[in-house]
Every structure is written in structure tokens, then in C-alpha cells.
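Whole structure, please, built from the sequences with the hints as guidance.
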Amino acid sequence: MESGYLISLIILGVALIFLIGSGIYAMKKMKPTLKNIQKTQTNVEDQIEHFNNEADVMQKKVDLIMKRVDNTKEVAQVNLERMNELSDYASSLSHSLLYLKENGPDYSKGIAKNAYTEVKTDGPRLAKTFKRAFSKTIEKQKQRHQNNTSHSL
1 MESGYLISLI ILGVALIFLI GSGIYAMKKM KPTLKNIQKT QTNVEDQIEH FNNEADVMQK
61 KVDLIMKRVD NTKEVAQVNL ERMNELSDYA SSLSHSLLYL KENGPDYSKG IAKNAYTEVK
121 TDGPRLAKTF KRAFSKTIEK QKQRHQNNTS HSL
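Note that the numbering used here gives residue 4 to position 4 of the sequence shown, counting from 1, and the numbers run on in steps of one.
What the hints contain is simulated information worked out from the structure, not anything from laboratory work. Just to be clear, a hint being listed does not mean it is correct.
[Said to hold, decoys possible] For lysine to aspartate or glutamate, the following EDC-like pairs were computed, each having C-alpha atoms within a straight-line distance of at most 20 Å: (1) Lys60 x Glu49; (2) Lys35 x Asp46; (3) Lys131 x Glu118; (4) Lys39 x Glu49; (5) Lys61 x Glu49; (6) Lys60 x Asp70; (7) Lys128 x Glu139; (8) Lys73 x Asp63; (9) Lys35 x Glu45; (10) Lys113 x Glu102; (11) Lys73 x Glu85; (12) Lys67 x Asp56; (13) Lys128 x Glu118.
Laid out in C-alpha cells, this is it:
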């Protein structure tokens, strides 16, 4: 073989051995860094899982609060509707009272006039009816009393 070819093989072998040695040396130096990268990656995954769990818990709390807010809105809406109804009733009552205040004297005069007319027309008739009923009741009581005293003797 030629000497140039042999020298190139030797250089190639030495370079290959140097390359393998450099690789082993680099691996020894890189091994702690790779372990730290792996630990860091594990730590990051644990932290991500922890924060995801916290985010889920917070989301559940937010959902619960939102449900409470919705329920409170519904209750407030019902209460507002009831207040509107109450306001309408109060307004109606106010109008009725105002109308009664304005027309009360006329109504009382009309009622008094009707009562006077009824007493004037129906009063003597009722008095006559009561008088007749009273006298008949007295007559029956007298007869009953007389019948009871005659049976006792």
C-alpha cells in the first residue's frame, strides 16, 4: 500500500478515536446538565398540573358564583315585578281614595237621603208589623199561661 494511503488511514483512525473521546468527554460534562433539564422538565410538568388543578378549582368557584348571580338576578326580577304590581295597586288605591274624597260628601248626602226616605216610608209600616206581632205574641203567651194554670188545678 502506498504510504499516503496509510498515513491518511492513521490520521483517520486518530481523528476517529479523538472524536469518540471528545464525545465521551462531552457526554460526561453534559450528563449533569441533561439530568437538570430532565428534573426541570418534571418540575415544570408538576407545576403545570398544579396550576391546571388550581385553575379548575377556580373555574368551579366562578361557575358557582355565576349560578348564584343568575339566581339573584331571577329573584331580583321577580321582586321588581312584585314591586311594580304593588306600585300599581297603590296608585289605584290612591286614585280611589282621591275619588272618594272628592265625591264622599255627595255619596253621604245620597245615603242619608235614602235612609231618611226608607225610615219615613218603611218605618211606620215596620212599626205596625212589629206592633201586630208583639200583640199576637202576648195573646199567645196569655193563652198558654191560662192553659197551664187550668191544668195544674
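- Task: Starting from Lys61, check that the Cα of Glu49 is at most 20 Å away, please.
- Result: holds (18 Å)
- Item | 20 Å Cα cutoff - pair Lys131, Glu118 | This hinted pair holds, its Cα atoms lying about 19 Å apart.
- Message: So if I understand the rule, the pair passes when the alpha-carbon distance is 20 Å or less; does Lys113 with Glu102 pass?
- Response: holds (19 Å)
- Query: Going straight from one Cα to the other, do Lys35 and Glu45 come out at no more than 20 Å?
  - Reply: Holds: Lys35 and Glu45 sit about 15 Å apart, inside 20 Å.
- Query: Is it true that the CA of Lys60 sits at most 20 Å from the CA of Glu49?
  - Reply: holds (16 Å)
- Item | Straight-line alpha-carbon gap Lys128 to Glu118, limit 20 Å | Answer holds: Lys128 to Glu118 is near 15 Å, not above 20 Å.
- Message: Just to be careful, I want the Cα atoms of Lys39 and Glu49 compared with a cutoff of 20 Å; is the pair within it?
- Response: Cα-Cα ~15 Å, so holds.
- Taking only the CA atoms, is the gap from Lys35 to Asp46 under or equal to 20 Å? holds (16 Å)
- Message: Check whether the Cα positions of Lys128 and Glu139 lie no farther apart than 20 Å.
- Response: Holds: Lys128 and Glu139 sit about 17 Å apart, inside 20 Å.
- CA of Lys73 to CA of Asp63, is that 20 Å or under? Distance of about 15 Å is within 20 Å: holds.
- Item | Lys60 paired with Asp70 [C-alpha distance capped at 20 Å] | Distance ~15 Å between Lys60 and Asp70 Cα, so the pair holds.
- Item | Agreement of Lys73 and Glu85 with the hint, judged by alpha carbon distance not exceeding 20 Å | holds (18 Å)
Checked against the numbered hints above, the structure violates none of them.
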